[in-house]
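**Student:** Going line by line, the protein sequences match chains A, B, C, D, E and F. Each step along the first sequence adds one to the number in the numbering used here, with nothing skipped, and position 86 is 86. Each step along the second sequence adds one to the number in the numbering used here, with nothing skipped, and position 9 is 9. Each step along the third sequence adds one to the number in the numbering used here, with nothing skipped, and position 50 is 50. Each step along the fourth sequence adds one to the number in the numbering used here, with nothing skipped, and position 105 is 105. Each step along the fifth sequence adds one to the number in the numbering used here, with nothing skipped, and position 73 is 73. Each step along the sixth sequence adds one to the number in the numbering used here, with nothing skipped, and position 55 is 55.
Check the hints yourself; a few may be wrong.
As the list claims (entries may be wrong) - The calculated DSBU-like cross-link candidates involving lysine-lysine, where the alpha carbons are at most 30 Å apart (straight line), are:
| no. | chain 1 | residue 1 | chain 2 | residue 2 |
| --- | --- | --- | --- | --- |
| 1 | A | K69 | B | K2 |
| 2 | D | K2 | E | K69 |
| 3 | E | K133 | D | K9 |
| 4 | C | K133 | E | K75 |
| 5 | E | K27 | E | K93 |
| 6 | D | K3 | C | K3 |
| 7 | E | K73 | D | K3 |
| 8 | F | K2 | E | K9 |
| 9 | A | K9 | C | K3 |
| 10 | F | K133 | A | K93 |
| 11 | E | K75 | E | K3 |
| 12 | C | K27 | D | K27 |
| 13 | C | K3 | A | K66 |
| 14 | B | K27 | A | K133 |
| 15 | A | K93 | B | K73 |
| 16 | D | K9 | B | K9 |
| 17 | F | K2 | F | K93 |
| 18 | A | K9 | F | K27 |
| 19 | A | K73 | F | K27 |
| 20 | A | K75 | C | K66 |
| 21 | A | K9 | C | K69 |
| 22 | F | K133 | F | K27 |
| 23 | F | K3 | A | K3 |
| 24 | E | K27 | D | K9 |
| 25 | E | K73 | B | K75 |
| 26 | B | K75 | E | K3 |
To be verified - Coverage of chain E stretches by chain F, computed from C-beta distances (three or more under 8 Å per stretch; other residues unrestricted):
| no. | segment |
| --- | --- |
| 27 | 2-15 |
| 28 | 35-45 |
| 29 | 67-77 |
Just so you know, the hints here were simulated from the structure itself, not pulled from any lab data. Quick reminder that beta carbons are idealized off the backbone N, C-alpha and C, glycines included.
Protein chains: 6
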Amino acid sequence: MKKITVCRKATFNAAHRLYNPAWSDDKNDAIFGLCNNPSYHGHNYELIVAVTGPIDPVTGYTMDMKVLKDLIKLKVEDAFDHKNLNEQVEEFKTLNPTAENIAVVIWERLRPHLADQLGLEVTLYETPRNFVKYSG
Amino acid sequence: MKKITVCRKATFNAAHRLYNPAWSDDKNDAIFGLCNNPSYHGHNYELIVAVTGPIDPVTGYTMDMKVLKDLIKLKVEDAFDHKNLNEQVEEFKTLNPTAENIAVVIWERLRPHLADQLGLEVTLYETPRNFVKYSG
Amino acid sequence: MKKITVCRKATFNAAHRLYNPAWSDDKNDAIFGLCNNPSYHGHNYELIVAVTGPIDPVTGYTMDMKVLKDLIKLKVEDAFDHKNLNEQVEEFKTLNPTAENIAVVIWERLRPHLADQLGLEVTLYETPRNFVKYSG
Amino acid sequence: MKKITVCRKATFNAAHRLYNPAWSDDKNDAIFGLCNNPSYHGHNYELIVAVTGPIDPVTGYTMDMKVLKDLIKLKVEDAFDHKNLNEQVEEFKTLNPTAENIAVVIWERLRPHLADQLGLEVTLYETPRNFVKYSG
Amino acid sequence: MKKITVCRKATFNAAHRLYNPAWSDDKNDAIFGLCNNPSYHGHNYELIVAVTGPIDPVTGYTMDMKVLKDLIKLKVEDAFDHKNLNEQVEEFKTLNPTAENIAVVIWERLRPHLADQLGLEVTLYETPRNFVKYSG
Amino acid sequence: MKKITVCRKATFNAAHRLYNPAWSDDKNDAIFGLCNNPSYHGHNYELIVAVTGPIDPVTGYTMDMKVLKDLIKLKVEDAFDHKNLNEQVEEFKTLNPTAENIAVVIWERLRPHLADQLGLEVTLYETPRNFVKYSG
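Generate coordinates for the entire structure from the input sequences, incorporating the hints supplied.
**Tutor:** Right, dumping it as structure tokens:
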């Protein structure tokens with residue numbers, strides 16, 4: 001059966017800082033530079049969630065985009081938007097919120113809610129010039 | 001031989017509605033919501049056609065972009081632009097014009113006109129937030 | 001008092017056709033071309049609403065963007081999105097829905113709901129290449 | 001002498017929160033909602049600085065874009081990028097960092113460094129959907 | 001009569017260099033830096049032509065966008081696209097092709113072909129970060 | 001170990017022409033059209049460099065984006081920006097600078113400077129409508 005990928009874009013605006021609590025302040029500064037600012041900085045994150053699977057011949061949908069939009073809102077936007085990622089999102093209390101790790105966390109939040117036969121890829125733009133892709 | 005993918009972007013502006021003639025009006029409303037408006041709505045569709053193959057060492061081209069541009073115009077833009085997809089494009093008289101199905105139809109319209117050794121992927125943006133990818 | 005302009009972007013996806021009922025079909029075709037398709041075509045319209053006024057020293061706002069967002073939704077998006085402008089929006093039953101006229105109608109729908117001392121400009125993109133600006 | 005406007009785009013990524021210290025927490029929540037998060041959130045701010053004046057017939061420039069770029073870097077980007085606006089930018093220790101107020105502060109930081117006969121307008125995007133313009 | 005502004009976007013890809021023939025090579029290098037490369041460099045220029053006037057009540061148009069599009073093609077794109085501006089566009093044989101001067105030249109090429117009562121503004125993007133506006 | 005792809009965007013503005021020195025002028029014109037202009041034309045090239053590998057559990061990085069940014073600057077931007085590709089970039093003295101060939105040359109310039117276990121893909125936009133992807 002033919003497979004197609006359907007993609008939905010979302011956004012969230014959040015504060016974060018990068019640091020490793022096992023390191024000295026000097027080492028954190030050396031590795032993470034401005035991103036290590038203890039008072040935080042922030043981004044308008046842009047997220048693209050891509051789901052791959054067969055087209056349902058009855059609806060013409062691979063997945064209803066409204067269902068996907070609502071899932072992203074419930075699992076990602078409500079939890080991340082206008083938040084401090086380090087302090088207010090459970091996973092990042094013990095995990096450095098780099099773009100890479102944020103993408104993995106989003107993927108892991110969405111994966112259990114999609115049917116097993118569907119593929120999932122997450123693209124996360126931290127800025128228009130820096131972005132990451134993760135597919136499990 | 002090294003392979004590369006060359007991509008060409010095009011656009012068409014069209015009206016459509018989503019519905020399944022085998023269903024009641026109520027069921028069509030429940031599944032397709034606003035997209036089921038019997039008076040139609042419309043989109044500025046953006047299309048990216050990606051062709052993969054070897055680079056011709058004489059021209060430095062995988063495929064002449066002008067040839068690809070003209071093919072997209074002839075097979076897609078002339079047929080879809082400023083049209084009502086449901087009423088005026090043959091394939092959608094019996095196929096629901098979801099983004100998924102439109103992408104498949106575009107792929108099938110272009111595929112016979114490309115050399116066998118070339119790969120083809122179609123990306124179709126229905127809106128900047130909803131898009132699909134199909135590669136056969 | 002210093003004045004600033006605050007802008008909010010919105011979108012709606014709609015079908016329309018251009019024609020003048022006082023003209024023959026041939027004249028409509030000659031003037032409006034493909035845009036005169038009787039079966040309609042459509043666009044992803046992008047709207048920017050710009051409101052100019054003083055900054056409230058207590059809030060730091062010229063106008064609460066959430067209030068502006070909700071006003072645009074109520075007066076424009078709910079009425080125009082996923083609609084056939086000619087058939088389903090009252091003003092266009094007797095007014096040709098060109099980008100110019102749509103911008104004027106949006107301006108007239110919003111103007112009564114803004115305080116008198118605020119300026120209002122509407123920018124409407126019919127496509128990324130065609131857009132209009134209207135300020136009353 | 002003919003006047004022209006030259007524009008330069010820049011970006012900075014920063015954390016902020018909106019609140020009025022004269023108000024109760026409840027009132028701050030009611031007015032500023034999610035933007036009042038005491039742990040901060042953040043944005044990729046996009047800035048357009050527009051300078052209006054005559055074209056120098058010797059260079060063909062209204063203002064050397066490299067000089068304008070360096071001025072924006074020195075007065076805005078170095079001070080705002082990867083910072084917490086409320087805590088780490090002097091002006092916002094006593095001024096609510098709404099988009100409106102940030103635009104005014106940027107205008108006031110740049111104005112003294114431009115020749116008197118030049119006009120200055122600042123456009124600041126807080127998100128792709130929310131932006132402000134200020135020209136003094 | 002209410003006035004509205006209609007805008008049309010176009011593009012052209014051209015080579016240029018900045019220099020003043022009255023100066024030494026060293027002075028040209030000091031003022032124009034990399035832009036003075038004698039072997040040229042180039043840009044994808046983006047052009048927005050904005051025409052302001054009343055809405056014709058018969059058509060609903062301020063100006064037929066197809067007429068404006070064709071005028072831009074004839075007077076600007078055919079003359080500038082895939083050209084070396086310094087060597088192959090008459091005006092720049094004696095005028096430095098800065099973004100400012102290119103915008104003025106485009107305005108002067110278009111102005112005689114528009115009705116007297118219409119206003120004209122030209123916006124020219126040399127890059128997404130550098131652009132100019134000229135209205136005569 | 002989980003793999004992720006990190007992407008960094010860069011730009012360079014350059015002049016080029018397309019031609020094959022083994023052909024007559026007429027044949028070059030027939031195949032390359034306007035792109036064969038002997039006086040050159042140019043583009044704002046946009047480049048996306050994608051590096052795939054495991055996430056370092058200590059930093060949360062696949063590759064430090066600052067290191068990648070500096071590598072792109074050293075090997076691509078410093079060599080290509082504000083240059084005439086045919087005359088001033090070594091590889092294109094004997095290789096036609098089509099988008100395909102430029103992408104391959106960029107890939108070959110970057111590949112030796114990345115760790116062996118990392119994957120590399122280069123996407124090069126010649127214009128917003130024409131782009132290519134190459135992954136070795």
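**Student:** So, for every hint listed, does it hold in this structure?
**Tutor:** Hints versus structure:
1. A:K69 to B:K2: violated, 39 Å
2. D:K2 to E:K69: holds, 26 Å
3. E:K133 to D:K9: holds, 14 Å
4. C:K133 to E:K75: Status holds; Cα separation ~24 Å.
5. E:K27 to E:K93: At roughly 20 Å apart (the allowed maximum being 30 Å), E:K93 and E:K27 satisfy the hint.
6. D:K3 to C:K3: Satisfied, since the Cα-Cα distance of roughly 23 Å is no more than 30 Å.
7. E:K73 to D:K3: holds, 26 Å
8. F:K2 to E:K9: violated, 44 Å
9. A:K9 to C:K3: violated, 35 Å
10. F:K133 to A:K93: violated, 38 Å
11. E:K75 to E:K3: OK: E:K75 and E:K3 at ~25 Å, within 30 Å.
12. C:K27 to D:K27: Judged against 30 Å, a Cα distance of about 61 Å means the pair is violated.
13. C:K3 to A:K66: Status violated; Cα separation ~40 Å.
14. B:K27 to A:K133: violated, 37 Å
15. A:K93 to B:K73: It is violated: about 53 Å lies between the C-alpha atoms, which goes past 30 Å.
16. D:K9 to B:K9: holds, 26 Å
17. F:K2 to F:K93: violated, 42 Å
18. A:K9 to F:K27: Violated. A:K9 to F:K27 sits at ~46 Å, over the 30 Å cutoff.
19. A:K73 to F:K27: With a Cα-Cα distance of about 57 Å, the restraint between A:K73 and F:K27 is violated, given a limit of 30 Å.
20. A:K75 to C:K66: holds, 23 Å
21. A:K9 to C:K69: holds, 20 Å
22. F:K133 to F:K27: holds, 28 Å
23. F:K3 to A:K3: holds, 23 Å
24. E:K27 to D:K9: holds, 27 Å
25. E:K73 to B:K75: holds, 25 Å
26. B:K75 to E:K3: Outside the cut-off at roughly 40 Å; violated.
27. 2-15: holds (count 4)
28. 35-45: With 8 residues closer than 8 Å to chain F, the segment 35-45 of chain E meets the three-residue bar; holds.
29. 67-77: violated (count 0)
Hint check: violations occur at hints 1, 8, 9, 10, 12, 13, 14, 15, 17, 18, 19, 26, 29; the rest are consistent with the structure.
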